[in-house]
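S.K.: All chains should be built: construct the whole structure from the sequences, respecting the hints.
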Amino acid sequence: MSSTANETDFQTLHQDDLAKLVQVEGQPCVSILMPTHIKGSETKQDPIRLKNLVKKAASLLNEKGHDASVLDSLQRFIRDEAFWQHQGHGLAIYLANDDVRCLRLNRNIDEMVHVGDHFLVSPLIQETNSQGRYFTLALSWDRATLYRCEGDSMTIVETQRLPAGFDDLVLPRDPEESLQNTSHRTLGNTGGASIGMFHGQGEGEDKIEADRDQYLSIVGDQVSGAIYNTGMPLVIVATQEVTGHFNATTQTNVDAHVDGSPSSMSETELHQAAHKAIASQLQTDHNSLNERLGTAMAGSQASQRIEDIVAAAQTGKVDTLLICDIACEQTNTAVVATIAQGGKVYRCESERVPGTKSKIAAIYRY
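Taking our numbering, the leading residue of the sequence shown gets 4, the next gets one more, and so forth.
Hints were generated in silico from the structure; no laboratory data involved. Here a beta-carbon is modelled for each residue, glycine too, at the ideal position from N, C-alpha and C. Don't take each hint at face value.
[Claimed, not checked] Cut-off 27 Å, straight-line C-alpha distance, at most; resulting in silico cross-link-like pairs (DSS-like, lysine-lysine):
1. Lys-23 to Lys-67
2. Lys-279 to Lys-320
3. Lys-362 to Lys-347
4. Lys-58 to Lys-47
5. Lys-54 to Lys-42
6. Lys-360 to Lys-320
7. Lys-23 to Lys-362
8. Lys-347 to Lys-360
9. Lys-320 to Lys-347
10. Lys-347 to Lys-23
[Unchecked claim] Computed beta-carbon distance windows for the label pairs:
11. Ile-81 to Asp-262: 45 to 53 Å
12. Gly-358 to Glu-114: 31 to 39 Å
13. Ser-266 to Asn-111: 23 to 31 Å
14. Asn-100 to Ala-251: 44 to 52 Å
15. Ser-291 to Asp-262: 23 to 31 Å
16. Ala-251 to Lys-59: 51 to 59 Å
17. Met-300 to Asp-83: 35 to 43 Å
18. Gln-26 to Ile-51: 45 to 53 Å
19. Ile-51 to Gln-163: 42 to 50 Å
20. Asn-293 to Gln-163: 32 to 40 Å
21. Gln-317 to Lys-59: 23 to 31 Å
M.R.: In structure tokens:
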């Protein structure tokens with residue numbers, strides 16, 4: 004586990020978080036999952052929801068003969084108003100041996116409380132799967148907004164600096180001060196905090212160019228931090244001019260481009276245009292996985308029997324696991340073992356794994 008609980012100890016879920024979570028074992032491992040709200044009066048109901056779920060966890064701990072005082076460290080989250088003002092669409096709390104990890108989720112999740120010798124991680128699989136999901140950056144010289152897209156939904160991604168306007172990120176400054184000494188930003192894919200950068204010195208085109216470079220650099224850093232380690236492609240919706248400057252100024256990889264000003268599009272039009280631009284890549288990924296499963300089944304290198312899959316996963320035999328039922332205890336056991344052994348896990352949207360009559364299927368390594 005990463006750290007002892009404190010008022011600000013939460014982060015956005017990334018793929019490598021699952022690898023760390025499945026390594027924790029022993030009694031008791033407490034998992035609490037719940038939907039949350041980004042803003043509005045509904046945020047006041049979220050701490051009440053957590054309080055009730057903590058009570059349920061205490062009851063489960065007592066039933067299993069464990070000391071429920073291990074949950075005391077969660078009380079600080081219930082009381083911390085600031086904590087609830089910086090949430091996503093869901094929250095996952097994992098507690099073991101007085102260590103706690105709070106993960107902010109970008110999608111809604113059902114309430115779940117679990118106590119066992121491993122954490123309940125199967126509900127998080129869809130959060131980390133890249134299949135059928137992508138990011139869209141709506142970018143102009145005036146404003147930058149990052150969206151997370153899946154199916155018919157498009158949700159704004161709130162980073163520490165985005166969404167934001169040009170003037171929110173590039174602040175006016177004394178032209179006599181040195182741009183070199185007053186420019187600060189976080190580099191790389193950390194997604195860390197960045198303060199507003201100051202307007203460049205000089206006049207005319209040089210000043211405009213310097214300001215735009217600073218603006219795009221901050222946007223690039225924020226986008227890179229948000230998409231880092233998600234495996235999800237990025238679509239940029241911008242004019243050719245803005246896209247060209249963005250590619251030249253940042254190291255953010257863009258998978259598809261929609262030529263046009265996002266300010267002239269409705270949110271629906273923006274979503275449709277972005278999906279059209281990335282659709283062929285998404286379909287290729289989906290078809291490839293289905294073909295792999297079909298080939299493996301034909302060659303007796305796959306299984307639909309959960310008992311066989313759990314045993315195979317625990318010995319490192321499972322290369323790829325496909326699941327539909329995220330609440331099943333055996334499914335979670337298979338997920339934990341597969342990830343722990345370096346395998347990949349995907350969640351299917353349908354009630355059955357495509358091409359099968361089962362809610363679970365595995366492609367074997369051998």
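S.K.: Compare the structure with each hint and give your call.
M.R.: Okay, the hints, checked on the actual structure:
1. Our distance criterion of 27 Å between C-alpha atoms is met by Lys-23 and Lys-67, whose separation comes to about 25 Å.
2. A distance of roughly 38 Å separates the Cα atoms of Lys-279 and Lys-320; the hinted pair therefore is violated under the 27 Å criterion.
3. Simply put, Lys-362 and Lys-347 have alpha-carbon atoms about 16 Å apart, close enough for the 27 Å limit, and the pair holds.
4. This hinted pair checks out: Lys-58 and Lys-47 have alpha carbons roughly 18 Å apart, not beyond 27 Å.
5. This hinted pair checks out: Lys-54 and Lys-42 have alpha carbons roughly 19 Å apart, not beyond 27 Å.
6. Taking the CA atoms of Lys-360 and Lys-320, the gap is near 22 Å; set against the 27 Å cutoff, the hint holds.
7. Under the criterion of a C-alpha separation no larger than 27 Å, the hint pairing Lys-23 with Lys-362 is consistent with the structure, at around 26 Å.
8. Proposed proximity of Lys-347 and Lys-360 is supported: the alpha carbons are some 21 Å apart, at most 27 Å.
9. Only pairs whose Cα atoms come within 27 Å are accepted, and Lys-320 paired with Lys-347 is accepted, the gap being roughly 12 Å.
10. This hinted pair checks out: Lys-347 and Lys-23 have alpha carbons roughly 14 Å apart, not beyond 27 Å.
11. Against the hinted window of 45 to 53 Å, the Cβ-Cβ separation of Ile-81 and Asp-262 comes to about 48 Å, which satisfies the hint.
12. Distance hint check for Gly-358 and Glu-114: the Cβ-Cβ separation is about 32 Å, which falls inside the suggested range of 31 to 39 Å.
13. For Ser-266 and Asn-111, the Cβ-Cβ distance of about 29 Å falls inside the hinted range of 23 to 31 Å, so the restraint holds.
14. Take Asn-100 and Ala-251: their Cβ atoms lie about 49 Å apart, and the range 44 to 52 Å holds.
15. For Ser-291 and Asp-262, the hinted distance range of 23 to 31 Å is satisfied, since their beta carbons lie about 28 Å from each other.
16. A beta carbon spacing of about 53 Å between Ala-251 and Lys-59 agrees with the range 51 to 59 Å that was offered as a hint.
17. Between Met-300 and Asp-83 the beta carbons are some 50 Å apart, a value that contradicts the proposed interval 35 to 43 Å.
18. Between Gln-26 and Ile-51 the beta carbon distance is about 33 Å. The supplied range of 45 to 53 Å is therefore violated.
19. A hinted range of 42 to 50 Å is violated for the C-beta pair Ile-51 and Gln-163, which are about 27 Å apart.
20. One distance hint, 32 to 40 Å for the beta-carbon pair Asn-293 and Gln-163, holds here, with the actual separation near 38 Å.
21. Hint check: Gln-317 to Lys-59, Cβ distance near 29 Å, so the stated range 23 to 31 Å holds.
Of the numbered hints listed earlier, those contradicted by the structure are 2, 17, 18 and 19.
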